[in-house]
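Each protein sequence line maps, in turn, to chains A and B.
At position 131 of the first sequence the residue is numbered 132 (my numbering), and the sequence of numbers has no breaks.
At position 79 of the second sequence the residue is numbered 81 (my numbering), and the sequence of numbers has no breaks.
No lab work stands behind these hints, which were simulated from the structure alone.
What you are looking at is a predicted structure, and each value in this text was computed from that prediction instead of being measured.
Where is the CB? At the ideal position from N, CA and C, for every residue including glycine.
There may be inaccurate statements among the hints.
Only some residues are given here: those of chain B computed to face chain A with a beta carbon under 7 Å [stated by the list, open to error]:
1) Val18
2) Val22
3) Phe27
4) Ile29
5) Phe254
6) Ser255
7) Val258
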Amino acid sequence: MTLGKPEPALNRIDADQSLGPANTLWRDAGRRLLRHRLAMFGLLVLLIVLVMGIFGPAITPYDPNGMDFGDRFASPSFAHLMGTDDFGRDTFSRIIIGARVSLQVGFVAVSVATVVGVGLGLIAGYGSRLTDEVIMRAMDILYAFPAILLAIAIMAALGKGIGNAMIAIGLVYIPIFARIARAAVLGIRNEEFIIAAKAMGAGDARIVIAHVLPNVLSPIIVEITLSLAFAILAEASLSFFGLGTQPPDPSWGRMLAEGRDFFRQSGWMGVFPGLAIFFTVMGFNFLGDGLRDALDPKLRR
Amino acid sequence: MNYQYVLQRLFTALIVVLGVTFVVFMIMQIVPGDPARVVLGPYASDESVAGLRERLGLNRPFFVQYAAWLGGVVQGDFGQSLLNGQEVAPQLWGRVGPSFELAMVSLFVGLAIAFPVGMISALKPGSAIDIAATLFSQIGVSVPTFWMGILLVIVFALQLRVLPPSGYTPITEDPGDWLAHIVLPAFTAGFVSASIQTRFIRSAMLDVLSANYVQTARAKGLAERRVIVNHALRNALINIVTIIGLQITALFSGIVIVEVVFSWPGLGRLALNAVLERDYPLLQGAVFCVALMVTIVNLFIDLLYFFLDPRIEFA
């Protein structure tokens with residue numbers, strides 16, 4: 002972190018890791034992760050969210066879209082654990098159903114960002130100086146936009162809806178993955194094992210896929226986990242703005258937006274959907290931090 | 003001092019701004035189908051669609067359109083709003099001030115929290131304060147900005163009724179009222195950025211505290227206070243300034259959200275309204291202005307960094 006624009010610390014790849022049998026590295030990392038308390042807490046939270054996402058419709062106590070006008074704005078009770086909304090719908094049931102949307106958007110968006118971003122980063126880091134310049138300057142330009150604003154602008158072009166939200170969020174996070182992958186490649190591109198592979202006549206594509214990629218995986222895995230947190234936050238924000246999930250499908254962000262006019266009657270409507278977003282995002286953040294510590298113990302502080 | 007770096011940095015900023023104009027221009031190009039049809043809706047007559055296409059210049063080749071649009075932007079002409087036909091530029095200028103004020107106050111609030119917390123936690127590693135600070139920074143980044151805003155409104159505006167829930171008063175009109183309106187939005191955006199910065203400030207400070215020159219300063223018997231203020235803090239500041247720079251884009255992302263939650267008349271809310279009303283020229287103008295603001299602030303911070311640390315020779 003001394004010269005010019007500093008790269009984030011996690012971009013530093015540990016060359017020692019590429020030596021020795023690969024499975025020991027992953028086994029060691031797994032052991033360190035299991036001992037990481039915050040990461041395990043995050044994992045537990047995520048498992049609960051995952052169960053909600055997978056089994057959602059089967060485990061809701063009420064029909065998430067079933068209205069009961071006799072029971073509007075109910076406070077939390079044993080009948081309605083998180084109260085009811087302005088249509089008398091059960092908030093707890095709607096939150097369970099909302100987990101699926103959040104996870105879907107998160108996974109699809111981050112997959113898009115990872116595949117495209119890592120691809121571009123590998124090409125930039127391994128390719129010629131000119132390719133590198135062109136790709137990375139393009140990434141700098143995308144990076145000049147605040148993430149949410151860029152996502153909003155892309156949504157404007159593509160149109161509202163959850164599918165487009167996935168694409169928009171994915172596009173926004175491409176530069177981050179490109180930077181991380183590139184930095185990792187630059188760290189190892191002149192290592193002996195790469196030179197050896199070249200000397201043995203391996204083509205560029207083979208070298209990148211078989212030799213470079215496996216050695217830059219750990220920062221990418223960490224970034225994937227942390228980006229899932231961001232993607233879920235971004236989806237919630239877009240849905241809150243009315244650009245993501247469309248009615249009547251419940252999503253956590255949209256529940257908060259719909260509740261806005263009723264906080265005077267029931268402040269609860271503003272509390273629980275936010276808690277759901279918060280815990281899910283925190284789960285991914287904790288797990289991501291734990292993975293970073295486990296995969297690169299030298300960076301530990 | 004090597005002023006070549008300054009020139010080089012100005013040049014990169016210019017390239018980024020040019021690239022930004024291209025991306026902003028592309029927004030209208032990637033609308034599936036015909037943007038004029040999208041704007042006017044499925045029931046509009048073919049003549050009115052053709053008329054709008056002509057007005058937006060959509061019949062011209064791509065680069066001619068881009069050059070024409072860029073030529074306008076350079077002269078401060080962002081075209082006309084599709085909704086009311088008014089010039090976009092004056093609408094933008096009125097929004098720059100409020101957005102900038104909110105960003106700067108939020109940055110200040112964020113640093114006012116992060117700086118002392120990060121410092122104390124680095125000076126007393128492992129203490130209760132350190133653990134609390136670490137937990138705060140871990141949890142803070144996970145709080146959705148808009149939810150934080152909503153909670154503050156529920157508590158301070160709706161329940162306690164001590165602060166207004168939304169709105170804006172120009173500082174020139176009534177400074178007290180301006181302050182009352184900016185407290186909640188600035189705290190919302192500042193809180194999230196504080197949680198990120200606490201972590202960086204702590205680690206920057208820990209880095210310098212273990213450096214040789216700090217050990218030397220201690221060894222020659224300087225008072226701890228002097229070691230920290232004159233030797234450690236001054237050097238940590240360099241890294242801290244860089245980190246603030248890296249956070250600027252994220253800060254503005256939060257500002258966009260906060261503006262919507264608190265009906266703050268800034269560029270972010272303008273952009274969102276433009277999206278909801280499919281007012282593409284207005285959206286392009288608003289997005290461009292925010293990106294420009296981010297680039298300028300970043301440039302400023304990078305140059306500040308350069309002047310703070312004369313040791314550095316920039317390649």
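Handout entry: Hint check, B:Phe254 versus chain A [nearest Cβ-Cβ separation less than 7 Å]
Key = holds (4 Å)
Problem - Hint validity - B:Phe27 Cβ closer than 7 Å to any chain A Cβ - result: violated (11 Å)
Practice task
Let me know if the C-beta of B:Val22 comes in closer than 7 Å to any C-beta of chain A, holds or violated.
Solution key: Nearest chain A Cβ about 6 Å off; hint holds.
Practice task
Report holds or violated for the interface hint on B:Ser255, using the least CB-CB distance to chain A and a cut-off of 7 Å.
Solution key: This interface hint holds because 4 Å falls under the 7 Å limit.
Practice task
So, B:Val18 near chain A? Judge it on the closest CB pair being under 7 Å.
Solution key: At 5 Å from the nearest chain A Cβ, B:Val18 passes the 7 Å test, so the hint holds.
Practice task
Would you check whether B:Val258 satisfies its interface hint, that is, whether its CB is within less than 7 Å of any CB in chain A?
Solution key: Result: holds, 5 Å to nearest chain A Cβ.
Handout entry: Per-residue hint verdict: B:Ile29, partner chain A, C-beta under 7 Å
Key = holds (5 Å)
In this structure, only the earlier hint numbered 3 is contradicted, and the remaining ones agree with it.
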